[in-house]
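Asks: Chains as they are written, first to last, in the numbering used here: chain A, 191 to 531; chain B, 191 to 531; chain C, 36 to 419; chain D, 36 to 419.
For the record, the hints were derived by calculation from the structure and aren't laboratory data.
A hint or two may mislead.
[Stated by the list, open to error] In silico DSSO-like pairs for lysine-lysine, Cα to Cα no more than 30 Å straight-line:
| id | chain 1 | residue 1 | chain 2 | residue 2 |
| --- | --- | --- | --- | --- |
| 1 | B | K405 | C | K65 |
| 2 | A | K405 | D | K61 |
| 3 | B | K405 | A | K412 |
| 4 | B | K221 | A | K412 |
| 5 | B | K221 | D | K65 |
| 6 | A | K405 | B | K412 |
| 7 | D | K61 | D | K81 |
| 8 | A | K221 | C | K65 |
If you're wondering where the values come from, they're calculated on a predicted model, not measured in any experiment.
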Amino acid sequence: MDFRYTEDQTELAEGARAFLMGEATPERLRKLDSETTTDGLWGQIAEMGLLGVMTPEDQGGLGLGAADFALIAEAAGEVALPDPLIENAGVAAPLIAQIDEKFSRAIAAGEHSVAISHTLAPFANSRFSPDAVLIIDENKVSLAKPNSDDGIARGARSVDPFRTQADFDDGEGIADGNRAQEIYNAAAQLGAVFGAAELIGLGVGALNQATAYAKQREQFGKPIGPFQAVKHLLATAFIKLEYARPLVARAAQAIDDRHEDADLFISQAKLSAGDAATFAAEAAIQTHGAMGYTYEVDLHYWMKKIWARAGQWGDDAYHRNRIEACLFDGNRSVAPPDLSF
Amino acid sequence: MDFRYTEDQTELAEGARAFLMGEATPERLRKLDSETTTDGLWGQIAEMGLLGVMTPEDQGGLGLGAADFALIAEAAGEVALPDPLIENAGVAAPLIAQIDEKFSRAIAAGEHSVAISHTLAPFANSRFSPDAVLIIDENKVSLAKPNSDDGIARGARSVDPFRTQADFDDGEGIADGNRAQEIYNAAAQLGAVFGAAELIGLGVGALNQATAYAKQREQFGKPIGPFQAVKHLLATAFIKLEYARPLVARAAQAIDDRHEDADLFISQAKLSAGDAATFAAEAAIQTHGAMGYTYEVDLHYWMKKIWARAGQWGDDAYHRNRIEACLFDGNRSVAPPDLSF
Amino acid sequence: MDIAYTDEEKDFRAEVRAWMSDHAPKHRLKSLDTEDGFAEHKVWEKTLHAGNWGMVTWPTEYGGRGLDLIKWLIFEEEYYRADCPYRVSQNGIFLLGPTLMDYGSASQKERFLPPMAAGDEIWAQAWSEPGAGSDMAAIRTTAIKDGDHYVINGQKIWSSRAAFADWCFGLFRTDPESTRHRGLSFILAPLDAEGVTVRPIRQLDGGVGFAEIFFDDVRVPIENLIGPEHEGWSIAMATAGFERGLMLRSPARFQAAAARLVQLCREYPQKVSTAAKAAATQAWLDAEAYCVSTYQTASKIRAGGKIGPEASCSKVFWSELDRALHRTAVSIAGARAELVSGDDAIDGGRWLDGYMFSLAGPIYAGANEIQRNIIAERCLGLPR
Amino acid sequence: MDIAYTDEEKDFRAEVRAWMSDHAPKHRLKSLDTEDGFAEHKVWEKTLHAGNWGMVTWPTEYGGRGLDLIKWLIFEEEYYRADCPYRVSQNGIFLLGPTLMDYGSASQKERFLPPMAAGDEIWAQAWSEPGAGSDMAAIRTTAIKDGDHYVINGQKIWSSRAAFADWCFGLFRTDPESTRHRGLSFILAPLDAEGVTVRPIRQLDGGVGFAEIFFDDVRVPIENLIGPEHEGWSIAMATAGFERGLMLRSPARFQAAAARLVQLCREYPQKVSTAAKAAATQAWLDAEAYCVSTYQTASKIRAGGKIGPEASCSKVFWSELDRALHRTAVSIAGARAELVSGDDAIDGGRWLDGYMFSLAGPIYAGANEIQRNIIAERCLGLPR
């Protein structure tokens, strides 16, 4: 038992975070939002090697695990990264690596990007022009071409301005039977744990904006920051995020370890991260006052992503039922350490 | 629709409250607690006519209803009255009035007092020397003599220092069959609604003590009262009590009106009052700091009564299940006003 | 105490229900924070007015029916039961209207109330300024008397409806030497006056529900002063009292939302976790509690009673129940919650829409932090 | 990152489990806040010490086993799994002990640590004063040097265990001219010294878990000063950091309570409302989160890492989860919750007992209001 990140892990995560903080700025979000085009960031992400973090080394990647990528997913959340980094590098890459080496190399290199439609996260995002949609259900895995009239046919608009629902046909099967079931399960695990990590990052980002605002905004002739109502609300958001984060680390490591309770750990992580991020968003808008309800501060990008992501890769009922089945149905011992590690 | 108390109702309630505030003081509580004797208050309560509020006029009472007595029950809560006023005048009196006129007159006059053991509130309190225990279950209603070795045989101690569990035999049947069922239901309604009223009063009493303490206690060179953490906590307790109180009034009137949704209203009242009082107790002890954890301030009498009463006459599961059955099982319309009045 | 509806009240309810059933829009209107949606909502107001439902509590001479507050609650219940649109005229009918009834002159009432009830003139609020939000007494926009006019200079912000409205009302500093809440006056100003610039503020949902208003030597006639000069603060505070609270957010609105949440749970039982079910029950309980409390208060007011500072409780209670209610619905919607349009969206995406709007509830009309201060100070007597 | 226990750790767990299974008291001891219960708890400490389990992280020469923090967590898990009693020696072993390790002289360690680990000398805390609770820098009790002694005058309050303890430790003002946190020293004082009067304070549950201590010209030798004179504040603050937090309330305690709550739900399913079930799940989730977070922190500290102000999170988190956990259990116990003894009491009445104790959690060891201030100021950088 040594529940610390290695120096390598910390270094990779800090590099990725510094890169994203520097490049994936709020200014860029505003630009992407108004111009509905893309820019060169995806190429830079590929150059940084971020798309191949989980791709095997012999397929051109770093061959690292979920525990490593979870830190990158959190950083992506902190900057509200709209690009499909997590979908490609975190979910698709490790799955495709086992099916199609050439395709896997192309994903790691950023030459080929996918959107994902999984039973637990059916909305395939076409906003960043994916080359294909990876369709995953319990019985079949397929690859489809997104139609060019993206989103129009389905008519769906997400609250997140950087998500447009792709229209796609049935696609070409690439796995079925037990193989499909395995991929389905693996995708569900990876999607949920990185979704949890992203939610933590999004919550941190929202909280940071609220803190900055509270230091600067004045009412009654002084900044609102020293008011206990503000302080205690933001402190509570901080606490929730602090206690959700280690749950995500444990869940990610459990995937890498093929731990028998990985699903239970993932559900705990996803639920706690979703609750913490939702709370942080509410605390952040409350601290901003009316200004938080506008498009004039950037907070809304973070909040919308939180609202859009919290229900993906297993919603409240999915994860909570899984935990409650363990606690209340049957007679499994729940005394520590029987369920903890 | 005129959801106001009449002048008569207000006058009766204010008289009772003034009397209780004047006589049932914290000093008396401390005395009763240390001496384990009784005093003359029960006689005064009888003289005030409070024991016959719900007794028919032709049996020596005032012939009033649950809506009237609920105000008295709230006042009894506010002073944390330990004496069995609610059990006798609120629950036993209207039931006995239909069974035994002589007995009914004796209760109204304060000559005969009972303790109650009902399936939903089985603890019969012998602390104030009841003459009999009224035992109510769904199939049978009986009257028993409490044994003299009060509480010892059962060995039960309540957290409330003014409650000792009576030991009693099976008693003598006074109703069975449909009659018993009716009495059982009527007792459940009266017990729950007056329990709710008492809880509101107890919450108000706890809140008042916390407010008084916050005005006087100093830290960091000034009273703690102006700190937002204190203010907002106590304001929240106040809000909860304010919104629970009208639910109790509606439920009590619904009993008098034999309203078809009386049970639903009662469950709403009991749940909300219990939650509000429990919250008020937590807010009050938090405001008192370490002092709230002692026997040196009187707050503990109120808190213990809240903890002892919240689960009587239908606990959380009982009342919540009743409401959820209405909301989620079946197809009854829940759009207003279908469930409100 | 009488908690049964009279026959007359029942008949009135039946009348409203029948009319709403015939006239309520068949589809949800576009958001009133868009130009098209604003126009649609104005059309709906005209339909309402044609049925004489503009503001049932007002005297008939101003376009009302002279009904009491209990009937108002019944009207609202039926209005939301039929899922009718939010009122684009709410600033006028719920806020300015009652103020004019109490403080306006006969000619002011005659001039402004009928077009307000008819939805012909839509009103914007003009209270907050960039440096005066929760701290409204910090208002700096001046209205200096010059002959038979006031000349207004300054800036208002968070003026709801201002992007598309015709008039605004608010507090202006008529005594330039004054500080804090002294020297302010309650004044009405047309938004098409020379020197007025309205800059819409884009909301997070893309709509423009509020705007900044810039006043550059805007001249308004002194007839537009409500009540005595320099005494605007107490007028504004009076209208911030109970009746306004009750009117602005009647219980029916939250009860209707709670009923829809219960319906959502019935429709998708497999999507409802234990926590969500408990939260849905609590939301319904709270909406009921708000309703029952409001009937009690309305009964008192109808009988001539007054309401004290505990009115601040109402704002906190409904805004926090509304937020919890919608948060619960969004969690049940799960992966589909993000969809605000399209066939896969649950109930057309209104839950997330409602959640976003509910997040503004604890902020506008006096932030809940301020309301809790008021409760602590005025109801509990804690020191400032 | 390695989240699997090593074989050595597994063996250690097995060893603890076997010993506790053999030695844990078969019945709950009386409350340690009563004279009899205190004595029973001291006997238990001697049993523990005989097994060499007094304080497993301490060096062997002081009565420990020299084990690391992960093993400490394992020890605690097994200790609470076996439902062993609370530690009557906790002020010594969890609070003063670590302070002496860092700041005590060799002779102080030798003198005080072994009887502390053995449960032979029980320690009371002596921080708060009537005017210095949350505001501890307002301490006024003086300890004035007079030759080779300090002469102590003043009053301490809320001294836990003081009713029956042998010694106390705390902060005293050694520089009478000083103000606030300057001029305070960390001093140990025997409670049987001449001039010491202990007045037990009766708790709401009737026990005497804390007391007032009056000092009237009490002479203690200067050898009882820990660290430099006048520098007591920083020593007290250092021991208020992580390790103390971790030791005082290890996750195992809350996980054991959560497991018991789950068991209560399994045993009485018809008494568990939807809301109670959701709350029980949340309590279990929070206890797990506290455990997982603590393993991460313990791993860092074992490797030489330091912990910052985020340690304040821990206090808030465990105290509020504990309160919610017990509140839920009490609501499930329903009509029987009030029974604190007798055959009808659920689990011997320990749920209400635990609820009462949990209500003190957000108050002692730095009230949660103060902890949230610290988090806001030091973790988020909000202004004071």
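Asks: For the pair supplied as a hint, K221(B) and K65(D), is the alpha-carbon distance within the 30 Å limit?
Replies: holds (27 Å)
Asks: Are the Cα positions of K221(B) and K412(A) separated by 30 Å at most?
Replies: violated (51 Å)
Asks: Can you confirm whether the C-alpha distance between K405(A) and K412(B) stays at or below 30 Å?
Replies: This hinted pair holds, its Cα atoms lying about 25 Å apart.
Asks: Decide if the proposed pair is consistent with the structure: K405(B) and K412(A), CA atoms, cutoff 30 Å inclusive.
Replies: This hinted pair holds, its Cα atoms lying about 25 Å apart.
Asks: CA of K405(B) to CA of K65(C), is that 30 Å or under?
Replies: Since the Cα atoms of K405(B) and K65(C) sit roughly 51 Å apart, the hinted pair is violated (cutoff 30 Å).
Asks: Starting from K61(D), check that the Cα of K81(D) is at most 30 Å away, please.
Replies: holds (16 Å)
Asks: Are the Cα atoms of K405(A) and K61(D) separated by 30 Å or less?
Replies: violated (56 Å)
Asks: Hinted pair, alpha-carbon criterion (30 Å max): K221(A), K65(C). Please report holds or violated.
Replies: At roughly 27 Å apart (the allowed maximum being 30 Å), K65(C) and K221(A) satisfy the hint.
Violated hints for the displayed structure, listed by number in ascending order: 1, 2, 4.
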